[in-house]
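Enquirer: Below are the chains, spelled out letter by letter.
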Amino acid sequence: MSVRRRRLRRLVPTWIWAPRYAFHVVLYAMRCWRGRAVAWMATAVAVGAVLSLAAGSELFLVLSERSLNQQVRSASELQVFLADDAPQTQVDQLKAKIARMRGIRSVTFRSKAEALALARQDSTLANIADTTPANPFPASLVVDLDDPSAAGGVADLAATDPATDHDVPASYTPAQGRRLSAFLSMAQAVVVGVAVAALAVASLVALVLLRSEIRARRTELRILTLVGTPRPVIRFPVFMEAVALAIAGSVVAALTLSYVGDHVVPAVNQYLPFLQLGSAADAVQVISLSTLASSVLALGVCSLLVRLPR
Amino acid sequence: MPDHIRRLRDTLRTRFGGPSESDVVVGAPGSIQLRNVTAGYGSTPVFSRFDLHIDPGEFVYLVGPSGSGKSTLLKVLFGTVRADEGWVNVDGIAVHRLQHWQTDTIRRRVGCVFQTYELLSHLTALENVLLPLQLAHPRTRHARNLATEALELVGLRDKLHALPPTLSGGQQQRVAVARAIAHQPRVLLADEPTGNVDKDASAEIMELFGQLNEHLGSTIVMATHDEYVLSRYPARAVRLQTPILEVVAS
Chain P
113 MSVRRRRLRR LVPTWIWAPR YAFHVVLYAM RCWRGRAVAW MATAVAVGAV
163 LSLAAGSELF LVLSERSLNQ QVRSASELQV FLADDAPQTQ VDQLKAKIAR
213 MRGIRSVTFR SKAEALALAR QDSTLANIAD TTPANPFPAS LVVDLDDPSA
263 AGGVADLAAT DPATDHDVPA SYTPAQGRRL SAFLSMAQAV VVGVAVAALA
313 VASLVALVLL RSEIRARRTE LRILTLVGTP RPVIRFPVFM EAVALAIAGS
363 VVAALTLSYV GDHVVPAVNQ YLPFLQLGSA ADAVQVISLS TLASSVLALG
413 VCSLLVRLPR
Chain V
149 MPDHIRRLRD TLRTRFGGPS ESDVVVGAPG SIQLRNVTAG YGSTPVFSRF
199 DLHIDPGEFV YLVGPSGSGK STLLKVLFGT VRADEGWVNV DGIAVHRLQH
249 WQTDTIRRRV GCVFQTYELL SHLTALENVL LPLQLAHPRT RHARNLATEA
299 LELVGLRDKL HALPPTLSGG QQQRVAVARA IAHQPRVLLA DEPTGNVDKD
349 ASAEIMELFG QLNEHLGSTI VMATHDEYVL SRYPARAVRL QTPILEVVAS
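Protein chains in written order, with our numbering: chain P, 113 to 422; chain V, 149 to 398.
Each hint should be verified, as a subset may be incorrect.
Which bits of chain V does chain P cover? Going by a derived footprint, with three or more residues having C-beta under 8 Å, they are [said to hold, decoys possible]: (1) 254-261; (2) 265-279.
A few chain P positions that, by computed beta-carbon distances, are all more than 10 Å from chain V [what the hints assert, rightly or not]: (3) L173; (4) T201; (5) I240; (6) A246; (7) V320; (8) R323; (9) S324; (10) I326; (11) I359; (12) H375; (13) V408; (14) V413.
Which chain P residues face chain V? A few, computed with CB under 7 Å, are given here [unchecked claim]: (15) I335; (16) V339; (17) V345.
Simulated from the structure, these hints should not be mistaken for lab results. Ideal placement from N, C-alpha and C gives every residue a C-beta, glycine not left out.
With the sequences and hints as input, model every part of the structure.
Expert: Rendered as structure tokens:
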């Protein structure tokens, strides 16, 4: 053998052992898994069921919150009723003043004729519109609010402005605006709180399942420590298994969510139209991905914190 | 070399291979020394202020009635039970100083045969012997050859791919012996290796230990109460008495 070749052979083990070692560790993890595939599958299904429950409840909460948000948004359209004899310059000044206020998205003028046309489309007002000879609907400034709490300021301004109808200056009172805003904030907080609680409970249950898995492997882990296996190497299969459990559980949860999004939510929309849950497609994607990320993170970290036998 | 570099090197060595410099004390490779050792479980010491010196290449029996501390002494040497007091040096490593996450250092270095075999039931005989070679000794080349040779030595050439539950007690014990000797350790600890096997299998195991001791110069410490083994293969015996340990050389 040439000197160069001998040198090469001497060099090879110094760098080749790392990938070879990693290969053996992965191979061992696979052998461990092979020996307990059925038990592992059962645990994966259990983790999947727990994650499905958590993700499903989160989906309904998100859809409900979205629906509520839409309702509040539609309620955040405020009308400032104008006096019939208000000159156009005063109306323009009022419009400019309102547009400059904080929390206002847009201000548009609605004439008496437009108001009458809209009333004819509304089943509750159509009768008045058809039976009254003169047009009873006033012209108005339609104020689209970004923040419902800004309604108070607009209502206050409308009450004192000479261009407005002095009997009913606005469609909205400041107190109503504040109540709506508080209700929306509370609803959002409830959604976030319940989602966090659902994820925490799901992680806790998954952790208990993982611990029972590890307890069942106590003998194996003890033998590994007895034969001098480095602790990171012992942890590696446990970590791999936890991550695989999280992924399998998340896949089960994603399939369940997809089914709920495609079949259950449309059925709810059909039979309970006042809930207005809408389409679940985008929410299903986001919740599936967040379930995967959070479960991998939670179970991966927990597997690294599990105490190994001495 | 600066202190922080030395500390870093020691940490890396401990994690990935041999003991750190601070764990290696003066002592001949293959020797075992215990000085003033007190050890036990909880607050009850199994033995206290115990001294023992075993030279490299010596064959020593630990004998005594059940509960006298034979297994505990082996566990102290192997790092499974930590000495409450005293000084334990095995094959140049200060075992008493090792933290629980560092005990793999001594376990990789020393071979050990356990009373209950401690085989992984989902791995074959060959895989069981290969496991410590591949996972605990990343740099071991030709691991498969070493494992096969060890199994051939214990007479299990035809059982390489058998799972432990399909083997008899004696065969399982021989797999455990093969696992312990596969990396040709300088120190071999054995806890009642002939306790669960018949006379023929006992003789085979003792012949094997004899060869290891004679040809490779391995130090062997074997706990036993098998009178047949003691009379047929005479060697120095350390007799343990309850409750105070007493050493009797024979």
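Enquirer: Give a verdict on every hint.
Expert: For each hint, the structure was consulted:
{"no.": "1", "hint": "254-261", "verdict": "holds (count 5)"}
{"no.": "2", "hint": "265-279", "verdict": "holds (count 8)"}
{"no.": "3", "hint": "L173", "verdict": "43 Å, holds"}
{"no.": "4", "hint": "T201", "verdict": "81 Å, holds"}
{"no.": "5", "hint": "I240", "verdict": "82 Å, holds"}
{"no.": "6", "hint": "A246", "verdict": "91 Å, holds"}
{"no.": "7", "hint": "V320", "verdict": "24 Å, holds"}
{"no.": "8", "hint": "R323", "verdict": "20 Å, holds"}
{"no.": "9", "hint": "S324", "verdict": "18 Å, holds"}
{"no.": "10", "hint": "I326", "verdict": "16 Å, holds"}
{"no.": "11", "hint": "I359", "verdict": "23 Å, holds"}
{"no.": "12", "hint": "H375", "verdict": "42 Å, holds"}
{"no.": "13", "hint": "V408", "verdict": "25 Å, holds"}
{"no.": "14", "hint": "V413", "verdict": "19 Å, holds"}
{"no.": "15", "hint": "I335", "verdict": "5 Å, holds"}
{"no.": "16", "hint": "V339", "verdict": "4 Å, holds"}
{"no.": "17", "hint": "V345", "verdict": "5 Å, holds"}
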